[in-house]
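Residue numbers (this note's numbering), protein chains in the order written: chain A, 1 to 276; chain B, 1 to 213; chain C, 1 to 213.
If you are wondering where the hints come from, they were derived from the structure by calculation, not from laboratory data. Remember, it's a predicted structure, so these values are computed and weren't measured experimentally.
Taking lysine-lysine and the DSSO-like style, the derived pairs with C-alpha atoms no more than 27 angstroms apart in a straight line are:
id	chain 1	residue 1	chain 2	residue 2
1	B	5	C	60
2	B	8	B	38
3	B	60	C	60
Covered by chain B, per the in silico footprint, the following chain A stretches (three or more residues, Cβ under 8 angstroms):
id	stretch
4	39-45
5	125-134
6	140-151
Virtual Cβ for every residue (Gly too), placed ideally from N, Cα, C.
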Amino acid sequence: MSEFIEVQAPKLPKIQGQQMDKLPDDLYIPPHALEVFLEAFEGPLDLLLYLIRKQNLNILDIPLLKITQQYMEYISLMSTLKLELAAEYLVMAALLAEIKSRLLLPKPVEGEEDGDDPRMTLVRRLQEYERFKTASENLDQMPRVGRDLFLAQARPERIATPAQTLPVPQIRELIEAFRDAMERAEMFTHHSIAREPLSVRERMSRILALISGGKPAAFHELCDPVEGRLGVVVCLLAVLELVKGAMADLTQEKPFAPLLIAVARARQAVVEGEGK
Amino acid sequence: MEENKLDKILEALLLASDQPLSVEQMHRLLSTDLSASKADIREALERLATSYESRPAQLKEVGSGFRLQIRSEYSDWVGRLWQEKPPKYSRALLETLALICYRQPITRGEIEEIRGVSMSPNIIKTLLERGWVREIGVREVPGRPALLGTTPQFLDDFSLKSLDELPSLPEIKDPEQLEAALLRLGQTAITADAAPAQAQAPDAPDSSTATVH
Amino acid sequence: MEENKLDKILEALLLASDQPLSVEQMHRLLSTDLSASKADIREALERLATSYESRPAQLKEVGSGFRLQIRSEYSDWVGRLWQEKPPKYSRALLETLALICYRQPITRGEIEEIRGVSMSPNIIKTLLERGWVREIGVREVPGRPALLGTTPQFLDDFSLKSLDELPSLPEIKDPEQLEAALLRLGQTAITADAAPAQAQAPDAPDSSTATVH
Numbered sequence: 001m002s003e004f005i006e007v008q009a010p011k012l013p014k015i016q017g018q019q020m021d022k023l024p025d026d027l028y029i030p031p032h033a034l035e036v037f038l039e040a041f042e043g044p045l046d047l048l049l050y051l052i053r054k055q056n057l058n059i060l061d062i063p064l065l066k067i068t069q070q071y072m073e074y075i076s077l078m079s080t081l082k083l084e085l086a087a088e089y090l091v092m093a094a095l096l097a098e099i100k101s102r103l104l105l106p107k108p109v110e111g112e113e114d115g116d117d118p119r120m121t122l123v124r125r126l127q128e129y130e131r132f133k134t135a136s137e138n139l140d141q142m143p144r145v146g147r148d149l150f151l152a153q154a155r156p157e158r159i160a161t162p163a164q165t166l167p168v169p170q171i172r173e174l175i176e177a178f179r180d181a182m183e184r185a186e187m188f189t190h191h192s193i194a195r196e197p198l199s200v201r202e203r204m205s206r207i208l209a210l211i212s213g214g215k216p217a218a219f220h221e222l223c224d225p226v227e228g229r230l231g232v233v234v235c236l237l238a239v240l241e242l243v244k245g246a247m248a249d250l251t252q253e254k255p256f257a258p259l260l261i262a263v264a265r266a267r268q269a270v271v272e273g274e275g276k
Numbered sequence: 001m002e003e004n005k006l007d008k009i010l011e012a013l014l015l016a017s018d019q020p021l022s023v024e025q026m027h028r029l030l031s032t033d034l035s036a037s038k039a040d041i042r043e044a045l046e047r048l049a050t051s052y053e054s055r056p057a058q059l060k061e062v063g064s065g066f067r068l069q070i071r072s073e074y075s076d077w078v079g080r081l082w083q084e085k086p087p088k089y090s091r092a093l094l095e096t097l098a099l100i101c102y103r104q105p106i107t108r109g110e111i112e113e114i115r116g117v118s119m120s121p122n123i124i125k126t127l128l129e130r131g132w133v134r135e136i137g138v139r140e141v142p143g144r145p146a147l148l149g150t151t152p153q154f155l156d157d158f159s160l161k162s163l164d165e166l167p168s169l170p171e172i173k174d175p176e177q178l179e180a181a182l183l184r185l186g187q188t189a190i191t192a193d194a195a196p197a198q199a200q201a202p203d204a205p206d207s208s209t210a211t212v213h
Numbered sequence: 001m002e003e004n005k006l007d008k009i010l011e012a013l014l015l016a017s018d019q020p021l022s023v024e025q026m027h028r029l030l031s032t033d034l035s036a037s038k039a040d041i042r043e044a045l046e047r048l049a050t051s052y053e054s055r056p057a058q059l060k061e062v063g064s065g066f067r068l069q070i071r072s073e074y075s076d077w078v079g080r081l082w083q084e085k086p087p088k089y090s091r092a093l094l095e096t097l098a099l100i101c102y103r104q105p106i107t108r109g110e111i112e113e114i115r116g117v118s119m120s121p122n123i124i125k126t127l128l129e130r131g132w133v134r135e136i137g138v139r140e141v142p143g144r145p146a147l148l149g150t151t152p153q154f155l156d157d158f159s160l161k162s163l164d165e166l167p168s169l170p171e172i173k174d175p176e177q178l179e180a181a182l183l184r185l186g187q188t189a190i191t192a193d194a195a196p197a198q199a200q201a202p203d204a205p206d207s208s209t210a211t212v213h
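From just these sequences and the hints, can you work out the full model?
See below:
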């Protein structure tokens, strides 16, 4: 199911913007707990295997009715709580229900071939899945470079080839790398990042480079008249961003004196950058 | 004398490279200036391996060639050099990797079928980015799904010379036994307690472990 | 006997570390388990230096500590490792460069936060050396992390007049708009030294090429 499984303290929901202090008393199963429980499983086969193993049973001896019953209990609990459930769990529930009804019905006298016996199919699938589950556990235990194995390395003081020979990657590669990084970041932060003109970012760097020598610069020194009004706006936004991000300080020697942009001095209050 | 020089150059190359070096690569790197044959290089590697016997590093052959690695008895010490923990992979990712290892070439759909669950696209993406898995073709069925297989990098990172060195896949139990069990299956029904505690396979999942892929 | 053990652990640490190690660092790494004083460590390093005398590597003290490095007489051989193949950029390096480009001025910590993983110091070093990235100030927060931005050379090498020519994030996310933007940028006409090998899909790393971190 979820690839990023995180077990954390249940988050209390917000109701109309107000953080709830506690869960309502009548709700005795925190939905989150159940969610976490189900997230610990890699799907219906894994859950079934767990239910079987929990009772110390061999797959070949599953008391199918009992396991089915337990499985259904979990599933119905989930749907009562209106938690989203992966479709596979429901498909499995349907299959189990079918098997159960077959077991309860009197055995058909004829035509009962195990060609498409759903029990047989299920047991085989469980066995097959378990093989790979075990194999993956074995795989995880094998020594791995970077975790259990480390390489012996030594470099010459200088490597003969100059860094300049490194080729320029394609712009496509660069852009795709950015997209991927941002997509991953959004999965963590659950909020998307608004459009931001790159020209402001570029200007921020240019201003920083200009003042990094230690000499403050006046605002008008930072804009080039040929850039017109847009250039001034970009410049202003860049200065504001720099100040906000604790990257530069804005000073004025006396009232009505020109504003000076200087390298940031150590501050008392910690200002963290945007995007947090 | 010449032998000694070859040994030292190979040692320098192996120490400097961040990837294992194959005999062919070493031969290509040296052939213009040193008249060393591949056989010479293989012999030199043997001498090198011997000379490292008393050292904390060792010469090891893995999928894409030879490398010098720290002996595992020093791993605990060496692991302290890095503050961040190596990534811990999710079970979904490891199961997918296991299926690709043992069943390659395999499509995504086939993996989903065996695991009984649909797969987040990030899993394959992570495996591709990690360089452990690659697309090695397509299955000529509707949709032309990509066929996945492992890479030499996978062998290197898991310290394997070839896939043959992987532990063998756990066997499926005797099919005849399966038939017998199926017959019993209907009868045992609700009387679960009749279950004998026989031939038990690995433990149930430890559902309490938090995994961050 | 104990001496021998200390020597070997230090050798393992120095061989595995990608940074020079100071005596203090080594002492800290070992002190919890081995009762080795700093003087013991210094003595051990002397013995180690002697034992490397006939080897192609040597123990060298540099500003920030000790490291094992390949002797200069082998650097020509070793340089061939880098000449042989056009290096391929690691995913981590490309993403770092892309984030510096799009989110500048940005600190290393912020890059790590977005990427969700910590970064090898070599990445920034490579980018600084390549002249694409520079430190343009510090953020005045505890630790005073350096702020990174792109250089004019970056624009030159990527044939950009300004960063504004790059597509914005919403554009990037739409495959059609992305293709249109790339076409606008003349995606096919890239700087001459972009090796054809670079054209391969970034998701299918060819593990036989050297990767630049």
